[in-house]
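Engineer: The chain contents come next:
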Amino acid sequence: MEIAIILALDVLNGASALFLLCLGLAIIFGMMRIINLAHGEFVMLGAYATVVSANAGLNIWVAMLVVAPLFTGLVGLVVERCLIRFLYGRLVDSMLATWGLSLTLIGVVTTIFGNTINGVPTPLGGFSIGAYRSSWYTIFLFAMACVMCALVYVVLRRTRFGLIARAVMQNPGMAAALGVNPARIYMATFTLGAAVTGLAGGLLAPVSGITPVMGGAFVAKCFITVVGGGAAILSGTLSAAGLFGFVNQLGAYFTTPVYGEVILFLSAIILIRLLPQGISGRFFKGTL
Amino acid sequence: MAINRRRFLTTSLTASASLVAAPAILTRGAFGADDPILVGSLHDQSGPIGTSGVPMVKSLELGISEINAAGGLLGRPLKLVHYDTQSNIQMYSQYAQQLALKDKVAVVHGGITSASREAIRPTFDRFRVLYFYNTLYEGGVCDRNTFCTGTTPAQTVEKLVPYAMSKSGKKAYIIAADYNYGQITAKWMQKYVKDNGGETLSVDFFPLDVTNFGPTISKIQAAKPDLILSALVGGNHTAFYRQWTAAGMKGQIPIASTTFGLVNEPSTLDAAESDAILGAYGYFEELTTPASTSYVEKLKMQSPDIPYISELAAATYEGFYLWAEGVKKAGSLDRMAVIEALETGISFDGPSGKVTIDHATHHVVRNAFLASVKDRKWSVLESYPDAKPLDTAGVCDLIKNPADNQQYVIDI
Chain A
1 MEIAIILALD VLNGASALFL LCLGLAIIFG MMRIINLAHG EFVMLGAYAT
51 VVSANAGLNI WVAMLVVAPL FTGLVGLVVE RCLIRFLYGR LVDSMLATWG
101 LSLTLIGVVT TIFGNTINGV PTPLGGFSIG AYRSSWYTIF LFAMACVMCA
151 LVYVVLRRTR FGLIARAVMQ NPGMAAALGV NPARIYMATF TLGAAVTGLA
201 GGLLAPVSGI TPVMGGAFVA KCFITVVGGG AAILSGTLSA AGLFGFVNQL
251 GAYFTTPVYG EVILFLSAII LIRLLPQGIS GRFFKGTL
Chain B
1 MAINRRRFLT TSLTASASLV AAPAILTRGA FGADDPILVG SLHDQSGPIG
51 TSGVPMVKSL ELGISEINAA GGLLGRPLKL VHYDTQSNIQ MYSQYAQQLA
101 LKDKVAVVHG GITSASREAI RPTFDRFRVL YFYNTLYEGG VCDRNTFCTG
151 TTPAQTVEKL VPYAMSKSGK KAYIIAADYN YGQITAKWMQ KYVKDNGGET
201 LSVDFFPLDV TNFGPTISKI QAAKPDLILS ALVGGNHTAF YRQWTAAGMK
251 GQIPIASTTF GLVNEPSTLD AAESDAILGA YGYFEELTTP ASTSYVEKLK
301 MQSPDIPYIS ELAAATYEGF YLWAEGVKKA GSLDRMAVIE ALETGISFDG
351 PSGKVTIDHA THHVVRNAFL ASVKDRKWSV LESYPDAKPL DTAGVCDLIK
401 NPADNQQYVI DI
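Top line first, the protein sequences correspond to chains A and B. The working numbering numbers the first residue of the first sequence as 1 and each following residue consecutively. The working numbering numbers the first residue of the second sequence as 1 and each following residue consecutively.
None of these hints come from the bench; they were simulated from the model. Cβ atoms here follow ideal geometry from the backbone N, Cα and C, with glycine treated the same way. Among the hints, erroneous ones may be present.
What the hints assert, rightly or not - Now the stretches of chain A that chain B is said to cover, found in silico as 3 or more residues with beta-carbon under 8 Å:
id: 1; stretch: 68-80
id: 2; stretch: 132-143
id: 3; stretch: 250-256
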C-alpha cells in the first residue's frame, strides 16, 4: 500500500515535470508552428539563471519563480526580434535556425561558466509514508504544474490578449484586417513561450545537475509529448504529459530506466500511429 | 624544343613524383638535432567530459615545461601536439590518425572514457605509435603497445567495497552508467560484494541522459539495501545525489562510489548532499605529502582556475614521466626500444607516491587511497601502498603472450 502511494507520487512527479517542460514548447510549436530546436537550451538558460542568482545570495524561490522566467523571456524576446520573425511560415528554415541557435547558446554558456556541473540544493525536505520517504518538492512541482495550467488557461481564454493571440494564430490576415498587428502578437507569444520554458528550467534546477548541454536530454521528449498531444495546447499537452509520464515512470520502476525510456518512445510511436492528429485531434477537439 | 608524347609523359611523371615526395624530402632535410620531440595528446577540453580533460592537459603541459627547463630529453626539447576531442568519439578517431600519420608523434597520451580508448587504441596499434591511457578504468586491457597508468578495480573497488560493507551491512544495491565502464565496474562490484560475504540485491543501469531518478529511489527503498554502490557518470547523473537528498534518504543508506568526486561534484553539491559519500582513487588533491602539495601548487600557479585535480590529472602527470624515464633508459625514441625499457619495471615518484610499471600487464603498481566527503572536500581515511592491478594480472600476461591484444571482461 505504502509503495503504491510512493509510486503514485513518482508518476505525479514525472508527469508534472514533463508538463512544465512541454508547456512553453506547446505555446511556441503548437500555436505558432515554429519548430524550436533550442527549446532545451531555453530550459538550460532558466536553470542557469536560477543557479547564478541563488548563488549570488538571492532567495531560492525568487530565483526560481521570478528570475528564471524573466531572464529567459528576455532572451526569447531578443531571439524573436533578431531571428524568428524572419522565419514565420518557413518550417524547415526555422528548424535549422533554431538548431544553430541551440549550438550558439551552448557555446556562449560554456564560455562564460565552463562545462563544470553546477547546481543549487533542493529546498523543502522529505516526508515519510510508512517505511518510505519522498520529497515535498515532488508535491511542489505538481502544484506548480496545476498553477501554470490554470494560468495559461486564464490568459488564453479569459483575457483580451489571449483572444487576439488565438485569432492571429488561426488567421493572421483576417486579424490584421481587423486592426491587430500580428507581428506584435507573434513577438509576445514567443516571449511568453520562452518565459514559461525558462520557468520550467528554474523549477528543475534544484533536482538536476546543471551543465551547458543539459537541454539535449529534454528536447526529444518534449517534442514527442507536444506532437502526441495534438493541436489543443493545454488539454493536449496535459493528457500527453500525463500518459507519457505514467508510462515512463512505471516502466522504469518495473523494468530498468533503459527500458523505461524505450517504453516511452514505443508508446509514443503507437500513439501517433493510432491517432495521427495527436490525442486532442480526437478527444478534446476544439478545446484549448 | 618539340614536345612529343613520350617526352611529355616522362616530364609530367617526374614532376608529379617529385611533388609527392617533396614533403618527405623537405622535412627530412629540415630535421636537425634540436627539433622538438612531439608528444601527442587527445583529451576532451569541451563537451560533457571536458572538465575531466582540462586538468589532464594542464598536467602534460606542466610535465613538458619541467623537462624542457631541465634540458629536454635526449638533448632535444619536447613539444605538445594537443587536439581537443570535444567529448566526441568520432573526433578521437580522426585526430588519432592525424597524430599518427601527419604529426608523427613519439607517443600519445589520451583518451578519457573507455569508449574513447577503444576507439583510438587500434589506430595506434596499426600505425605503431606508443600509447598511454592515464585514466582509472574497468581493467582488462592487454596490449603491448599500450600502457595503462590509472587504477583498476582491484586497486580501488576491492578496497572500497569491504570498507563500506564493514561500516553499513552486507546487502548492496548497485547503480551504474550504461556503457562499458559502468557495465564492467558493476560486475567487479558484484564480485567483491560476494567475496566479502555480501549479497547484491539489484543492478540498475542508466543511460547518460537520464535525469529523473524518482522511480529508482522508490525501487531502492523497496529493496531496503544496507549500502548503495554507485558508478554513475556525468552531469545528468549528479541529479541522483540531489534527488536522493531531497527525498530525505541522505543518511538513511550510505553511498560508496567509484566515480563520485572525480570531477567537481563535492564542490558543486551542497554539503548536506555529499557528506559521508565514500570514494577510493589513486590520488586526491587533498593528499598532504610534499610531492602532492608541490604538484598541486605548481598546477595552480600555471592555471589558477583549474578544476579539481583528481587521479585523472595525477596519473597523466605520472604516465608522462614514466614515458620520459623510458626514453631516457632506452636512449632513443624507437617505439620497441622504449617499450622494452619500460618493461624493465621503471618507476617514478609522483604526486601519488611511487608508481611502477608492471611488465606482465603494462599497468602500474601504485598507491590507492580511500576517502569520504566532509564539508565539500575529500578527507582521506585509509591508504593502501603498492596496490597491484590484480584483476588484469589474472587474465593478461604479456611476458608469455606478447602478441596478445584485447580487453578481457570478468565473468560472473
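Engineer: Among the hints numbered above, which are violated by the structure, and what are their numbers in rising order?
Structural biologist: Hint 1 is the one this structure does not satisfy, whereas the remaining hints hold.
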